[in-house]
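*Asks:* The chain contents come next:
2 protein chains.
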Amino acid sequence: MEKQKQVILGIDIGGTNVAFGLIGKEEKKILWKDSEPIVQFATAEALADAIAQKMGCEFELVGIGIGAPNGNFYTGSIEFAPNLPWKGIVPLKQIFEAKFGVPVFVSNDANAAACGEFVFGKAGNHPHFLMITLGTGVGSGLFVDGKLVLGSDGMAGELGHFMVVPNGRPCGCGRNGCLEAYASSTALIKQYLEKADNMESITAKDVVDRWQKGDPMATEVMENTIEILGWSLANFVTIHSPSMIVLFGGWAQSGEKVMGKIRHSFESNLLKIYRGKVELVPSLLAGSDAALLGAASLGF
Amino acid sequence: MEKQKQVILGIDIGGTNVAFGLIGKEEKKILWKDSEPIVQFATAEALADAIAQKMGCEFELVGIGIGAPNGNFYTGSIEFAPNLPWKGIVPLKQIFEAKFGVPVFVSNDANAAACGEFVFGKAGNHPHFLMITLGTGVGSGLFVDGKLVLGSDGMAGELGHFMVVPNGRPCGCGRNGCLEAYASSTALIKQYLEKADNMESITAKDVVDRWQKGDPMATEVMENTIEILGWSLANFVTIHSPSMIVLFGGWAQSGEKVMGKIRHSFESNLLKIYRGKVELVPSLLAGSDAALLGAASLGF
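Protein sequences, first through last, are from chains G and Y. Under this note's numbering, think of the first position of the first sequence as 1, with each following residue one higher. Under this note's numbering, think of the first position of the second sequence as 1, with each following residue one higher.
For the record, the hints were derived by calculation from the structure and aren't laboratory data. Keep in mind that a hint or two might mislead.
The list cannot tell twin chains apart, which means a pair is met if one copy fits it or any two copies do.
To be verified - Calculated pairs, SDA-like style, for lysine to any residue (alpha carbon to alpha carbon, straight line, at most 25 Å):
(1) K147 x Y74
(2) K195 x G174
(3) K277 x P82
(4) K147 x T75
(5) K122 x D153
(6) K147 x H126
(7) K122 x R275
(8) K272 x V165
(9) K272 x E223
(10) K147 x P127
Let's have the full structure, built from the sequences with the hints guiding it.
*Replies:* Following this line, the structure appears as structure tokens:
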């Protein structure tokens with residue numbers, strides 16, 4: 001009988017969909033994947049059952065990585081995630097280890113993205129690097145000496161809630177001036193709609209497109225946001241002197257014009273000793289499989 | 001013949017004085033110490049010779065730790081320190097290893113202070129902690145998983161140059177709004193003198209004393225500085241979720257009223273998930289031996 005291929009199961013739990021897939025341990029490629037709306041699963045146990053049934057037994061499962069909002073590595077649980085149908089504390093690690101009998105690793109989305117970049121993306125040769133995710137919110141993952149920093153309670157890397165403007169824009173966290181209140185896709189949209197009187201909705205992509213075409217309101221929003229993001233990233237370098245910063249997702253990955261402007265603001269705000277030393281790049285993993293690979297990388 | 005006691009030589013190189021001492025490896029106490037004005041030594045070699053002669057051979061030397069401005073752990077050199085008589089790159093590690101034949105570890109003052117707090121002070125049970133030094137400048141040392149974070153080039157932990165106020169007060173680094181431009185002793189003095197028209201000099205301690213006595217100018221300066229410091233420390237928690245922050249030196253260690261006010265600003269600016277979880281304390285090592293113990297701790 002032929003030896004079965006060893007695989008890691010990656011699960012990306014989002015507010016709308018759950019994506020899951022099997023990644024070959026040797027070839028580091030997705031061998032199979034699927035996704036379902038999260039509302040189909042009343043509990044995490046129901047999700048585990050459904051995945052077990054769908055993935056079949058063609059491969060030998062050796063580990064599971066789960067990326068989830070408010071996922072805590074130390075406890076293996078989701079803790080009070082505001083955007084999920086499952087409330088309170090959900091002991092994912094326990095549930096999935098009981099079902100599958102293999103080691104399970106849980107972390108939040110941004111940490112999973114950082115691990116993904118380290119295992120599958122551009123950061124493999126950068127033991128000190130920083131991942132910033134720009135999506136509905138702003139998250140971060142910090143690598144020191146080739147290891148993800150989890151902190152004293154598993155809650156490290158919340159740079160989206162670094163307050164970058166004293167008494168600035170209100171943030172969902174209840175405080176003011178957080179980076180997330182400026183640089184998330186949601187914030188980009190809000191800032192544009194505040195200027196555009198007769199408009200009720202727009203996407204972050206549209207704001208970027210309008211800026212590229214010279215729309216003055218979009219220009220004002222984008223230039224302000226890019227200045228604040230570049231300034232913040234330059235500040236973050238003083239923390240652990242990374243050799244690379246990766247921007248993941250959202251509007252920052254809409255082409256070289258955007259990255260070039262962010263890079264300019266970043267370099268001109270850097271402390272002299274760091275200038276010209278830090279690569280600032282878009283993620284290699286952008287696209288639909290990024291979160292899945294990120295989640296799976298926790299199991300590698 | 002009795003076995004000699006094993007000791008670590010700690011050397012604290014400052015802009016004015018060099019302090020050096022022998023710390024027992026077992027008892028972790030200073031067994032002998034001395035200091036000299038740095039101008040007495042034309043070169044680092046001359047310093048090494050003088051220390052060798054003074055310390056004699058009563059003990060068995062097993063390691064050397066050196067804290068120095070712009071000291072780089074990876075290269076073991078002082079690199080272009082503006083306030084030292086020795087210019088350019090000074091290969092301390094090489095010079096002292098050649099002279100003494102034991103391993104030599106070099107780092108900057110703030111990293112040395114952080115190591116000192118970990119080895120001799122309050123942070124021994126806090127593998128994730130942050131040290132902020134408030135002196136002529138503001139420095140920092142970051143511990144993750146019980147290890148000092150040095151970064152990709154040995155230049156990690158420059159939180160004194162975290163820009164905390166956009167377009168704020170000018171900083172010696174050439175940029176604006178750095179924490180150092182508000183919270184260093186120098187900045188405290190400058191801010192007071194800007195308000196006090198007829199005064200030419202004052203000490204940071206005097207500013208604190210005047211505040212305690214109700215002087216309105218001192219109150220304005222201190223309240224603003226404490227608000228900015230507390231806000232900044234709350235921000236820093238989002239980096240690596242430390243369980244302890246230690247404030248070392250200068251005005252922050254002038255009693256419980258100051259610490260209480262800093263703690264209040266800190267707690268009220270924290271992201272909710274961190275509230276009540278982070279001890280904010282003054283260093284245990286404050287005083288004349290702190291820098292010496294810090295330097296020596298690099299050798300432990």
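*Asks:* If the cutoff is 25 Å on CA atoms, where do K195 and G174 land: within, between, both or neither? Let me know, please.
*Replies:* For K195 and G174, only the intra-copy Cα distance (23 Å) is at most 25 Å; the inter-copy one is 35 Å.
*Asks:* At 25 Å max between alpha carbons, let me know whether K147 reaches H126 within a copy, between copies, both or neither.
*Replies:* both (10 Å within a copy, 18 Å between copies)
*Asks:* Please sort K272 with V165 into within, between, both or neither, judging by C-alpha distance up to 25 Å.
*Replies:* Classified as both: same-chain Cα gap 23 Å, cross-chain 18 Å, threshold 25 Å.
*Asks:* Taking 25 Å as the upper bound on the Cα-Cα distance, should K122 and R275 be classified as within, between, both, or neither?
*Replies:* within (20 Å within a copy, 35 Å between copies)
*Asks:* State whether the alpha carbon distance between K147 and P127 is at most 25 Å within one copy, between copies, both, or neither.
*Replies:* both (7 Å within a copy, 15 Å between copies)
*Asks:* Have a look at K147 and Y74 and pick one of within, between, both or neither, based on CA distance no larger than 25 Å.
*Replies:* Answer is both: 15 Å inside a copy and 19 Å across each meet the 25 Å cutoff.
*Asks:* 25 Å Cα cut-off: does K272 pair with E223 within a copy, between copies, both or neither?
*Replies:* The answer is within: 23 Å in one copy meets 25 Å, while 31 Å across copies does not.
*Asks:* Is it within, between, both, or neither for K277 and P82, if the alpha carbons may be no more than 25 Å apart?
*Replies:* between (39 Å within a copy, 22 Å between copies)
*Asks:* 25 Å Cα cut-off: does K122 pair with D153 within a copy, between copies, both or neither?
*Replies:* Between copies, since 19 Å is at most 25 Å while 28 Å is not.
*Asks:* Between K147 and T75, at a C-alpha cutoff of 25 Å, which is it: within one copy, between copies, both, or neither?
*Replies:* both (18 Å within a copy, 23 Å between copies)
Hint compliance for this structure: no hint is broken.
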